[in-house]
Amino acid sequence: MTKSIDADMVRRVAILARLRVSEDEVQRYVGQLSRIFDYVDLLNEVNTDNVEPLTHALPVTNVLREDVVRPSLSSEQALANAPQADRGFFVVPKVLDQESS
Amino acid sequence: MSAKQILKTRIIVGMEIHVQLRTQTKMFCGCGLSFDAPPNSHVCPVCLGHPGTLPVINKQALRFAILAGLAMNCRIASYTKWDRKNYFYPDLPKNYQVSQYDLPICGEGHFDLPSETDPQTIRIRRAHLEEDAGKNIHDTGAHTLVDLNRAGTPLLEIVTEPDIHSAADAYAFCAELHRLVTYIGISDANMQMGQMRFEPNVNVEITHREGLSKTPIAEIKNLNSFRSVKNAIDYEAQRQIAAWEANPGYELGQAANENRGWNDDRGVTEFQRTKEAAHDYRYLPDPDLVPVTISETMMKEIRTDLPELPIARRKRFVSDLQLSSKDAETIVDHRATADLFEDAIEAGGPTDMLSKQMINIWLSLANDRQTDIANLGVSAAGIAELAGITDRGDINKSAAKQIAEAMLSDKQSPRELAKHLGLVQVKDTAATQAWVQQAIDNNAPAVQDVLSNPKKAKAAVGFLRGQVMRISGGQADPKLVGELIEKLLTPKPD
Ligand SMILES: [Zn+2]
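If you read the sequences in order, they're chains A and B.
The opening residue of the first sequence carries number 1 in our numbering; numbering runs sequentially from there.
The opening residue of the second sequence carries number 1 in our numbering; numbering runs sequentially from there.
The reader is advised that the hints may include incorrect statements.
These stretches of chain B come out as covered by chain A in the derived footprint (C-beta under 8 Å, 3 or more residues) [what the hints assert, rightly or not]:
#	stretch
1	26-34
2	37-48
3	51-65
4	82-94
Distance condition first, Cα-Cα at most 27 Å in a straight line; then the derived BS3-like pairs of lysine-lysine [unchecked claim]:
#	chain 1	residue 1	chain 2	residue 2
5	A	Lys94	B	Lys479
6	B	Lys458	B	Lys479
7	A	Lys94	B	Lys85
8	B	Lys94	A	Lys94
9	B	Lys300	B	Lys397
10	A	Lys94	B	Lys458
Ranges of calculated distance between the beta carbons of each label pair, as one might list FRET restraints [what the hints assert, rightly or not]:
#	chain 1	residue 1	chain 2	residue 2	range
11	B	Gln24	A	Glu52	17 to 23 Å
12	B	Gly267	A	Thr61	47 to 53 Å
13	A	Met9	B	Glu161	32 to 38 Å
14	B	Val268	A	Ile15	27 to 33 Å
15	B	Ala256	A	Ser4	27 to 33 Å
16	B	Gly194	A	Glu45	49 to 55 Å
17	A	Ile15	B	Glu161	30 to 36 Å
18	B	Lys214	A	Glu52	36 to 42 Å
19	A	Thr61	B	Gly194	29 to 35 Å
20	A	Gln77	B	Asn263	39 to 45 Å
21	B	Val268	A	Tyr39	38 to 44 Å
22	A	Glu45	B	Glu301	45 to 51 Å
23	B	Asp112	A	Thr48	39 to 45 Å
24	A	Ala80	B	Ala256	43 to 49 Å
The set of hints was computed from the structure by calculation and includes no laboratory data.
For every residue, glycine included, the Cβ atom is placed at its ideal position computed from N, Cα and C.
Throw the hints in and build the complete structure from the sequences for me.
Structure below.
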C-alpha cells in the first residue's frame, strides 16, 4: 500500500516545490492527490515476483559523446530570453545562501 | 570535579571530495571549460537547461572516473545510471543537478596512507560523476548575478568511510589524494581555481566516567586547501568537546547534525544550518540519460592507462634506488619530474648524484621560474651527463649549477658548456697550490684567524676557500683546496 496523502504531506510537497497554497487548496489537493495515488496503486496488484527491476524505460545503454568542443552560444544569444541581464550576467532577485549544496 | 570527566577523546572524520575532471568539454554538452572567461560565454541550450534539449554523456569523463576508481581499488560498476537531485537555486538552471544516487560508477575501495610510524587504510565508500552548478555573485545591492559558465562542468565526488582519526591524517590523506588525481591525469586539481574541494564530516567519540558518548556530526563545507582542512578539523573537534561538556543532550542522535563553514580569517567554523532542515532532494532516475554498462574489455583497456601510483613509486625509489624517503617524496611529487629522473638513470646518469641534482639544481631552477622540471626544456640525456661529469669530479658542485642554468638557453652538452665556461675542474696540485698561496697572501686577517683564533678558524677557512674558488674562476677542486689550505696553514714543527 502507498502511504496515504494527508494535509501535512501536501504542505510539505508544496514547500519543496516552492508553491504557495491556501488552506482551501490543501484540502482540495488532499482529495485529488489521494485519488491519483489510489489509481496508481492498482499497479501494486500486479505480481512482479519474477520481474527484474527496471532502472530506465528505454532498452538502450552507452549513448556517449567524444570530448570535443562544439561552439557555445554567444552571450547575447544566451541572455536573449532573460527577464533581466547586466554586463553579461543573468540578474535575479537577491538570494541568501540558504541552499548551497 | 565535573560529572563529565573526560578520560579520552577520539576524532572521527569522513571526507567528501569534489574533483573537477580535466576534460575539454562539459559533462553533458560540447561547451568548453573556462575559469575566467566573460560571464555566460561558455553556455548552450543544454547547460542553460532549456526545454527540449538532451544531454549526452562525455566519454572522457566516464573514462576518468573509472581510472580514478581503479587507482583507489574500487569495485567498478558494470551498470551505472544517472539521477536528478532536485533543489532550487539560481545557479542551477534546470532546478536539478544530474548526479548518481544508488548505482554510482565506483563502489567500495580503499586508499592506503603510508607512514613510517602509523600506516593506515582509508576505506572509500563510493565515487560518482555529477555536474557542477554555475556561480552566483551576491555583491550587488538588491540583486544576485548569475554566471553559468561553470554549470555542467564534470565533477567526481569521492566519499570515504569515517576512517580518519586526526586532523594531521586528514591533511595527509587530502594531499595524497591530490597527488593521485594529478598523477593519473584526471584533474589539474588547482586548489586556487576550486578544482579540488574538501568537505570533512567531523564528530568526536568521548570516553568518560559514565561510559562512551558521541557528539553530533558537523559537515564543514567547501574547504580548498590542505591547511584549512587540518585547521578546521582541529577547531571543530575542540568546539564539539567543549559543547559536550557544557550542554546535556549534545549527543549524536539527540542534537541535530549540522553544516558549518570555515572562516579562515578568524580560524573558526561557523554554523550554517542544521541537517534537520536538510532538503528532501527527491532523487529520481533521469529519463533523458540512458544507463551505462562497463564491460571487462573497456575496464582492461582503461587499466592500461594507469601509471605506477605515487605511493608505490616512492616505495620503489627507496627500496630499489636507495633514495632517502624524503628525497623519494620530493622527486615523486610530480609525475613528470619522476619520469625525467628515471629517464636520466636509463640514459646512464649515476642515481645518487642525479637525485641530489634533481632536488638541489633542477627543482630549484624550476621553482625559480614557477614551472616544473619537465617544462624547463632540458633532456634526460643532458641531465644524466651533467650528473655524470659532476660525479666523476670533472666539474665541481657550484659549476654544475652554473652549467645547468646555461643548459636552459644553450643546446650544447654539459661537457661542452663546462669547457666554454672554463669550469672544467683543475686537479693539478701545483696550479691549485698557486691559487691557494695567492689567497693566503692577499688575506692576512683571515690567515691570522686560522692560525690563532680557534673561535673564528672554521669560518676563516671557509672564507679562504671561497677566495680560492673565485681566483680560479670556479675551476679549482674544493676538496683539494681544503686539503692545501690545511697543509699550508698548519704551523711547521720547528
Ligand atoms: Zn553547454
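Verification of the hints:
Coverage of the stretch 26-34 of chain B by chain A holds. Counting CB-CB distances below 8 Å, 4 residues qualify, and the rule asks for three or more. Counting residues of the stretch 37-48 of chain B whose C-beta sits closer than 8 Å to any C-beta of chain A gives 9, which meets the bar of three, so the coverage hint holds. Residues of the stretch 51-65 of chain B lying with their CB closer than 8 Å to a CB of chain A number 7, which satisfies the three-residue condition for coverage. With a cut-off of 8 Å between beta carbons, the stretch 82-94 of chain B has 6 residues touching chain A; three or more are needed, and the interface restraint holds.
Using a Cα cut-off of 27 Å, the hinted pair A/Lys94 and B/Lys479 is violated, with the two alpha carbons roughly 72 Å apart. For the given pair, B/Lys458 sits about 15 Å from B/Lys479 by alpha-carbon distance, which is consistent with the 27 Å threshold. Distance check on the hinted pair: A/Lys94 and B/Lys85 sit about 23 Å apart at the alpha-carbon level, within 27 Å; holds. The suggested pairing of B/Lys94 with A/Lys94 holds, with an alpha-carbon distance near 19 Å, which does not exceed 27 Å.
For the hint linking B/Lys300 to B/Lys397, the alpha-carbon distance of about 47 Å lies beyond 27 Å, and the restraint is violated. As the CA atoms of A/Lys94 and B/Lys458 are separated by approximately 70 Å, the hinted pair breaks the 27 Å bound. Against the hinted window of 17 to 23 Å, the Cβ-Cβ separation of B/Gln24 and A/Glu52 comes to about 37 Å, which falls outside the hint. Against the hinted window of 47 to 53 Å, the Cβ-Cβ separation of B/Gly267 and A/Thr61 comes to about 50 Å, which satisfies the hint.
Evaluation of the 32 to 38 Å hint for A/Met9 and B/Glu161 yields a pass: the beta carbon distance comes to about 34 Å. Look at B/Val268 against A/Ile15: about 32 Å separates their beta carbons, and that is inside 27 to 33 Å. As the Cβ distance of B/Ala256 to A/Ser4 is approximately 28 Å, the hint placing it in 27 to 33 Å holds. The hinted window of 49 to 55 Å between B/Gly194 and A/Glu45 holds, with their beta carbons roughly 51 Å apart.
Distance hint for A/Ile15 and B/Glu161: a CB-CB separation of about 33 Å, consistent with the stated range 30 to 36 Å. Evaluation of the 36 to 42 Å hint for B/Lys214 and A/Glu52 yields a pass: the beta carbon distance comes to about 40 Å. Against the hinted window of 29 to 35 Å, the Cβ-Cβ separation of A/Thr61 and B/Gly194 comes to about 33 Å, which satisfies the hint. Take A/Gln77 and B/Asn263: their Cβ atoms lie about 40 Å apart, and the range 39 to 45 Å holds.
Our hint of 38 to 44 Å for B/Val268 and A/Tyr39 is violated, since their Cβ atoms are close to 54 Å apart. Look at A/Glu45 against B/Glu301: about 47 Å separates their beta carbons, and that is inside 45 to 51 Å. Distance hint check: the CB atoms of B/Asp112 and A/Thr48 are about 43 Å apart, consistent with the given range 39 to 45 Å. Hint check: A/Ala80 to B/Ala256, Cβ distance near 45 Å, so the stated range 43 to 49 Å holds.
Consistency note: the structure conflicts with the earlier hints numbered 5, 9, 10, 11 and 21.
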